[in-house]
Amino acid sequence: MADIRKRKVALVTGAGSGIGRATAIAFARAGYTVVLADVGIAAGHAVLDEIKAAGAQAIFIRCDVTDPVDVADMVEQVVTQYGRLDAAFNNAGIEGDSVSTGECSQENWERVLAVNLTGVWLCIRNEVRQMLKQDSGGAIVNCASVAGLTGIAAMPAYVASKHGVVGLTKVAALDYAKDRIRVNAVCPGAIITPMLERVMGDGEEGKQSILANEPVGRLGTPPEIAETVLWLCGEGASFITGQAIAVDGGWTAR
-14 MADIRKRKVA LVTGAGSGIG RATAIAFARA GYTVVLADVG IAAGHAVLDE
36 IKAAGAQAIF IRCDVTDPVD VADMVEQVVT QYGRLDAAFN NAGIEGDSVS
86 TGECSQENWE RVLAVNLTGV WLCIRNEVRQ MLKQDSGGAI VNCASVAGLT
136 GIAAMPAYVA SKHGVVGLTK VAALDYAKDR IRVNAVCPGA IITPMLERVM
186 GDGEEGKQSI LANEPVGRLG TPPEIAETVL WLCGEGASFI TGQAIAVDGG
236 WTAR
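Position 226 of the sequence shown, counting from 1, maps to 211 under the numbering used here, and the rest follow consecutively.
Don't read these hints as lab results, they were simulated from the structure.
Quick caveat: nothing in here was measured; it's all calculated off a predicted structure.
Please note that the accuracy of each hint is not assured.
[As the list claims (entries may be wrong)] Under the rule of at most 20 Å between Cα atoms (straight-line distance), these lysine to aspartate or glutamate pairs were calculated in the EDC-like manner:
{"no.": "1", "residue 1": "K118", "residue 2": "E212"}
{"no.": "2", "residue 1": "K(-7)", "residue 2": "E212"}
{"no.": "3", "residue 1": "K192", "residue 2": "D82"}
{"no.": "4", "residue 1": "K(-9)", "residue 2": "D82"}
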C-alpha cells in the first residue's frame, strides 16, 4: 500500500468508453494509479479489467456526475484509497437530441446541461477541495468540444453546455492559479467514438458530411485526445492554465 500511495493518482469520469477509456489507459501506461468513474458499471469494469491485465493499478467507482452525493463520495473514495488526487479528467458527457433550437425540449435541455456542465462543476468543486489540502496542488482537464468554441446547427443544448465548460474552466483556473492547481479544457473535434457514431447515424452520408468539414481529411481517434490530456496534466504544461485546447484536425481554423 505504501508504494501505491507514492504514485500519482488520476481520476477519469466517463471512463467506460471512447475518449474516457483511452485517457484512463494512457494515464495507466504513464505510471499513474487510475480511478475510473462511470455511470455504466459493466463498461467501467471492462476498462478496469483491461488496465489491470496490463499490470497497472486501478479501481472503478460507479458515479452519476449529476448527483452531488455521488460526486462527493467518488472523490472521498479516491482519497480514502490512495490519500491523494493529482490529476482529474472531467470527461463524462452526452450529446442529447439533434434538433433545432425552437424544437429543443426542456427535458433535453436540462438533461444535457445537468450532465455536461453541472456535472463538470460538481467534479471541479470536489476535486479542488482535495487538491487545496495537498502541498503538490494538481491538474484538472475538462472535456469541452469544438462545440464550445463555435456553433453547430441543431445541437443547442450540447453547444450551450460546452461553451459553459470553457467559461467554467477559465474561472476555475483564475480562482486557483496561486494554489498550484491548473485547470484547462480539451476541445475534441470529430473523434471516432460511440457518441460520434450516434450523431453520424448508420448511413455513409453523415460520415461524409463530417469529413467534408475536416481540413486533414480524416476523423480523429480517442488516443489523440488522451495524449493531449496527459500532457496538460504533466510538467511539460506547467505554465498552462485557463486554456481551451482544440484537438480538431483544423476544424476551428476555418
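**Request:** Quickly compare the C-alpha distance for K192 and D82 to 20 Å and report which way the hint goes.
**Result:** holds, 18 Å
**Message:** So if I understand the rule, the pair passes when the alpha-carbon distance is 20 Å or less; does K118 with E212 pass?
**Reply:** Not OK: K118 and E212 at ~28 Å, beyond 20 Å, violated.
**Message:** K(-7) and E212 were given as a pair; does the straight-line alpha-carbon distance stay at or below 20 Å?
**Reply:** holds, 17 Å
**Message:** Can you confirm whether the C-alpha distance between K(-9) and D82 stays at or below 20 Å?
**Reply:** violated, 44 Å
Comparing the model with each numbered hint stated earlier shows that hints 1 and 4 do not hold.
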